[in-house]
Amino acid sequence: MKRFSSFLTALTLAVAALSAQTAAPTPVLSSGNTAWLLAATALVMFMTAPALGLFYGGLVRKKNVLSVLMQCFAALAIVSVIWVAFGYSLAFSDTEIIPGVLGDFKWAFFNGMTPEVLSPYYISDATGRVPHLVFAMFQCMFAVITPALIAGAFAERMKFSFFVLFTALWEILIYIPLAHMVWSANGVLFKLGVLDFAGGTVVHINAGFAALAVVLLLGKRSNHRTLPPHNLAYTMMGAAMLWFGWFGFNAGSSLAADGIGASAFVATNSAAAAAGLVWPFLDWLINKRPTILGAATGAVVGLVAVTPAAGFVNPAGAMAIGAIATIVCFFMVTVVKEKLGYDDALDAFGCHGIGGIVGALLTGVFADPRLWKAFGATYSGALYGNPGQLGIQAIGVLVSVCLAFFGTLIIYKLVDLVLRARVSVHEEEVGLDITQHNERAYTVID
Amino acid sequence: MKMVIAIIQPWRLEYVKEALYAAEVKLMTVSEVLGHGRQDGAPEIYRGQKETGNLLRKIRLEIAVNEAFVEPTIAAIQKGAKTGEVGDGKIFVYELAEVVRIRTGERGGKAIG
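Residue numbers (our numbering), protein chains in the order written: chain A, 1 to 446; chain B, 1 to 113.
Keep in mind the hints are simulated off the structure, nothing from the lab. Keep in mind that this is a model prediction, so the values were computed, not measured. Treat the hints with care, since some could be wrong.
Listed next, with one range per pair, are the computed distances between beta-carbon atoms [stated by the list, open to error]:
| id | chain 1 | residue 1 | chain 2 | residue 2 | range |
| --- | --- | --- | --- | --- | --- |
| 1 | B | Ile91 | A | Glu338 | 54 to 62 Å |
| 2 | A | Glu427 | B | Arg60 | 31 to 39 Å |
| 3 | A | Phe160 | B | Arg38 | 38 to 46 Å |
| 4 | B | Glu14 | A | Ser222 | 24 to 32 Å |
Listed below are the simulated BS3-like cross-link pairs for lysine-lysine, each with C-alpha atoms no more than 30 Å apart in a straight line [stated by the list, open to error]:
| id | chain 1 | residue 1 | chain 2 | residue 2 |
| --- | --- | --- | --- | --- |
| 5 | B | Lys110 | A | Lys63 |
| 6 | B | Lys110 | A | Lys62 |
| 7 | A | Lys63 | B | Lys50 |
| 8 | A | Lys62 | B | Lys50 |
By construction, the Cβ of each residue, glycine as well, lies at the ideal position given by its N, Cα and C atoms.
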């Protein structure tokens with residue numbers, strides 16, 4: 001969602017966005033844009049439950065599959081309630097409690113957002129706008145998937161009660177301020193000029209480093225050793241559904257059914273395809289077999305990495321980003337993780353944190369100025385004579401990493417004062433499905 | 001009466017069934033089990049990490065037979081399951097104390113076949 005943020009460099013347009021209501025010609029509703037963004041919103045919802053649930057659920061042991069599905073589903077419900085109640089308002093309102101960091105409550109319960117009100121957030125008025133309600137719900141699904149991504153790191157050992165409280169607080173204290181800083185017109189990072197088309201910083205770097213912070217405090221699973229995933233077919237279906245949903249995530253981030261959205265669509269598919277090829281080939285080279293899990297993991301890494309870049313890079317650039325990110329993540333997950341010994345159970349940090357950083361930096365390399373030329377904007381990376389963009393991207397990465405990592409450490413400690421984070425060793429051995437939910441996924445007879 | 005129990009490679013089951021049918025042995029119970037012998041299993045690799053729960057998938061056959069069928073049954077299982085590779089499995093033969101056919105209440109050798 002570069003929405004506003006891509007326009008950092010073209011600040012005049014960004015400012016126009018908010019002042020448009022009073023100045024300029026009256027904006028009109030585009031039914032085409034509205035139809036696409038409603039569909040894109042549903043696609044992004046699909047990424048959390050079922051796609052992420054299946055992707056993660058297949059990777060855990062049988063006795064924990066329901067707990068993972070439940071965490072993804074619960075994230076959808078918890079965050080949706082927070083978002084409508086006051087989350088959207090805090091993240092996106094133009095009047096602020098903390099300037100540049102946090103909005104206020106003027107849109108609480110979508111107050112004043114009646115059906116005819118058009119979104120103050122848009123990228124170009126050329127084709128018309130969408131209702132404010134649609135923009136708010138599109139954003140809701142981004143807010144939903146981010147804490148769900150973290151769940152992959154602490155799988156198989158966290159108490160459900162801790163998960164609920166942690167997810168709610170993390171959403172309010174980390175996600176919402178970062179979203180405001182990056183995406184609202186007054187946001188401090190927005191004004192810096194960081195290129196982030198669809199949320200590489202707010203969603204992926206944020207979730208990835210929050211994941212690292214949680215596993216460092218939570219500790220390893222007891223009797224931690226590598227066990228076979230209980231159902232790789234789920235994982236593969238989940239990865240394919242993520243790929244499908246990601247078209248809404250990235251191509252929807254143009255906020256219009258337009259050429260930039262189409263360009264983001266192409267970049268998304270190209271990066272996922274390249275990455276989905278590279279990982280199994282690395283497996284083949286190093287471990288003798290091209291693996292299904294490698295293909296699924298690679299595709300997801302490619303999608304993560306292209307998220308900030310989609311809409312700014314051409315197809316060749318997208319494929320390069322997917323391939324490079326995969327090589328880095330492969331090394332992180334297969335070599336570095338084992339050496340350092342942290343238990344990022346399903347590689348939320350290794351894929352989203354690291355893939356997110358690689359993608360954010362490479363956006364500053366491969367951004368192709370020809371893409372936006374016709375729209376009167378210029379976004380160039382180092383490859384096209386603008387090496388300074390790489391430095392700006394690095395600052396964006398650094399701020400997101402620090403906020404996500406240190407902020408999460410604090411929130412974890414806060415919740416830890418009230419609730420124990422871990423289940424007992426016995427509960428862990430019996431499995432979270434029975435001990436946390438008193439249900440099981442599979443029966444043996446009938 | 002004897003109980004013949006065999007642990008075999010899953011993909012040899014069809015060959016074993018064929019050999020048993022050819023030897024006129026047409027009653028069996030089959031289950032999927034996990035285990036390994038001296039070869040210690042073969043670790044699988046997930047995201048570059050070797051898994052350590054190295055139990056292998058095997059098939060367990062249970063066949064109750066009268067004395068006359070003991071040797072033909074063993075021969076048929078061996079014929080069907082043998083590949084000459086490590087992991088072909090084992091055959092165990094126990095004394096069988098009693099057999100009851102649930103439907104009729106028949107006992108002993110008559111109840112087996």
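Status of the hints after comparison with the structure:
1. B:Ile91 / A:Glu338: 54 to 62 Å: 41 Å, violated
2. A:Glu427 / B:Arg60: 31 to 39 Å: 32 Å, holds
3. A:Phe160 / B:Arg38: 38 to 46 Å: The hinted range 38 to 46 Å holds for Phe160 of chain A and Arg38 of chain B, with Cβ atoms some 44 Å apart.
4. B:Glu14 / A:Ser222: 24 to 32 Å: 41 Å, violated
5. B:Lys110 / A:Lys63: 44 Å, violated
6. B:Lys110 / A:Lys62: At roughly 43 Å apart (the allowed maximum being 30 Å), Lys62 of chain A and Lys110 of chain B break the hint.
7. A:Lys63 / B:Lys50: Holds, at roughly 21 Å.
8. A:Lys62 / B:Lys50: At roughly 19 Å apart (the allowed maximum being 30 Å), Lys50 of chain B and Lys62 of chain A satisfy the hint.
Checked against the numbered hints given earlier, this structure breaks hints 1, 4, 5 and 6; the rest are met.
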